[in-house]
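With the sequences and hints as input, model every part of the structure.
Which chain is which? The protein sequence lines are A and B, in order.
Numbering of the first sequence is given in full-length UniProt numbering, commencing with residue 1 and proceeding in unit increments.
Numbering of the second sequence is given in full-length UniProt numbering, commencing with residue 1 and proceeding in unit increments.
Calculated from the structure, these hints are not laboratory results.
Errors might be hidden in some of the hints.
Stated by the list, open to error - Some residues of chain A that are not near chain B, with every Cβ distance over 12 Å (derived):
id, residue
1, 60
2, 90
3, 115
4, 127
5, 150
6, 156
7, 196
Unchecked claim - Listed next, the in silico DSS-like pairs over lysine-lysine satisfying Cα-Cα at most 30 Å (straight line):
id, chain 1, residue 1, chain 2, residue 2
8, B, 48, A, 183
9, A, 201, B, 48
10, B, 94, A, 202
11, B, 48, B, 94
12, A, 200, A, 183
13, B, 81, A, 200
This one's a predicted model, so the numbers in the text were calculated from it and none came from an experiment.
Note that beta-carbon positions come from the ideal geometry of N, C-alpha and C, so glycine has one too.
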Amino acid sequence: GDSWGIFTFLCAALCNLPALPALNCTEELGAGQSIQKTYDLTRYLEHQLRTLAGTYLNYLGPPFNEPDFNPPRLARAERVPSATVDLDLWRGLTDNARLAANYRAYSRLLCYLRALEGPAGTAELRHRLGHFCSSLQGLVLSIAGVMSSLGYPLPVGGPSAPPGTPVPSNDFLKKMEDFWLLKELQTWLWRSAKDFNRLKKKVPPAVVTLRLEARGF
Amino acid sequence: DSHIQYERVGADVTMKCGSMDWDAAVTWTVNGTDIDASHLNGSYLILKKVDLTQSGQYSCYEGSSWHLKYQTYLRVGTPPKEPLLMCRSNNYPKGFYCSWHLPTPTYIPNSFNISVIHGTREMVCEKDVFPKNRCHIRYLQLFSTVKYKVTLTVTNALGKNSTTATFDEFAIVKPDPPESVVAKPVPNNPRRLEVSWQNPSSWPDPESFPLKFFLRYRPLILDQWQHVELSDGTSHTITDAYAGKEYIIQVAAKDNDIGTWSDWSVAVHATPWTEEPKHLTTEAQVTETTSASTSSFMPPPTTKICDKGAVVGSGAVAVCWTAGLVLAAYGILFI
Chain A
1 GDSWGIFTFL CAALCNLPAL PALNCTEELG AGQSIQKTYD LTRYLEHQLR
51 TLAGTYLNYL GPPFNEPDFN PPRLARAERV PSATVDLDLW RGLTDNARLA
101 ANYRAYSRLL CYLRALEGPA GTAELRHRLG HFCSSLQGLV LSIAGVMSSL
151 GYPLPVGGPS APPGTPVPSN DFLKKMEDFW LLKELQTWLW RSAKDFNRLK
201 KKVPPAVVTL RLEARGF
Chain B
1 DSHIQYERVG ADVTMKCGSM DWDAAVTWTV NGTDIDASHL NGSYLILKKV
51 DLTQSGQYSC YEGSSWHLKY QTYLRVGTPP KEPLLMCRSN NYPKGFYCSW
101 HLPTPTYIPN SFNISVIHGT REMVCEKDVF PKNRCHIRYL QLFSTVKYKV
151 TLTVTNALGK NSTTATFDEF AIVKPDPPES VVAKPVPNNP RRLEVSWQNP
201 SSWPDPESFP LKFFLRYRPL ILDQWQHVEL SDGTSHTITD AYAGKEYIIQ
251 VAAKDNDIGT WSDWSVAVHA TPWTEEPKHL TTEAQVTETT SASTSSFMPP
301 PTTKICDKGA VVGSGAVAVC WTAGLVLAAY GILFI
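The following block contains the structure:
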């Protein structure tokens, strides 16, 4: 009840802070290398998420940790923009739109994941979540770096809970929300690999090839 | 008039001769052959614990007039066991297909019904003409968080059974194996083989959804495979082949990020380039005459381990020199 309200408020406050301009780590790299780095980060995070999600779902307990669990999506305002998209629409996205969609999604996801850190079960779980959140922040910054190096403006208006979002009324529904959050995160990481693959093709090939050769084969 | 009758293996079957009375005199035949009267109970034909061999056309004739009173086709079979269902996307992101079969035959006709549910939406899986037990579906959306639930129901005259498969869009991606695998020797390179292949033709968009590859090779004479994983490109040069040995080579493909590896491609055979043997015979004649005139101690004819002309390779020459030195030292001791 009350604690959830406080979290939502904190979330809105935290997430309305402007994106940290820690671009000094990426501005020296060309756009090609930034894209490759971002791609690698999504793969790393996807791998990390597998362990994290397993642990977190076990903490939520059954039925959330059952492999066949396939609940219907409750009809309500979604907190995080969905990765699901029409194929032709996805293909036709401009580089700017593609990057912006990723940036917005991960900023929101980061915010909600941070909210999980507080009440989550064991100290070990909180530690894992914390580590994941740091890596996820790295991804957000990396995307911002790519956008900046390509001359695109960062999407304005930080993520905030849409007005009128109902507060989960019971423990089970709260757990459902956590379940969907992890699902959405997982799907976005899968999608981003494809998004950044597409972006890789658009960047001068010379830069990208250099990086591949350096990886030694 | 004619009927078809389906019965389970092991069941007891009673056939009535149409509208004839129980005590009427009749003759039954199966596929034209008379059936012994011991199987009759009045005018009823009794078949106990039927087996597959008893399938056939059963006819009943009135005793004296030999009029055909009833005819039926008996098909002995079994109700269907749980079918095996497999769904796979070899053409991501276009869609996926599902194929199925029964683990054991039923010996009677079966009909299949497949339903695909995605969230709240029911999708249509279009049946393929060939192969028969297969249908395909097009993705309406990509990167879905909701799983697909496919239910296959098989029905025949003796019963029904079903199975369900639930999966994420990403989990079932498995490309077809790479095509047109070619392996060629490299001229003047006795340890190299050049391998090239093509993306499977069923993969619709390798630009946006690139594939990575796994190459495996071994000489025919060995069992151990060597592996190379390649993130890019459709060719690779093997540089550590054993000289003169025939190799077997295969390639597999996988989407760069999701799903599983394809089956191995068709195997190709190749042998690395080897030098022409005729040059070696001329050299042997030259070196044999020179060594005969320069050495003071002639090695006995049996120790012809180092016929310099016949051996190729720097390693062999080193052996020759060592042997020569040993023999020379031996010779000095005895002079």
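Each hint, compared with the structure:
1. 60: 17 Å, holds
2. 90: 6 Å, violated
3. 115: Given that every Cβ of chain B is farther than 12 Å from that of residue 115(A), nearest at about 20 Å, it holds.
4. 127: 27 Å, holds
5. 150: The claim holds: residue 150(A) sits with its nearest Cβ about 19 Å from chain B, beyond 12 Å.
6. 156: 25 Å, holds
7. 196: The claim breaks: residue 196(A) does not keep its Cβ more than 12 Å from every Cβ of chain B (closest is about 10 Å).
8. 48(B) / 183(A): Violated: residue 48(B) and residue 183(A) sit about 58 Å apart, past 30 Å.
9. 201(A) / 48(B): 72 Å, violated
10. 94(B) / 202(A): 22 Å, holds
11. 48(B) / 94(B): 54 Å, violated
12. 200(A) / 183(A): Between residue 200(A) and residue 183(A) the Cα gap is close to 26 Å, so the pair holds against 30 Å.
13. 81(B) / 200(A): 50 Å, violated
The structure shown violates the earlier hints numbered 2, 7, 8, 9, 11 and 13.
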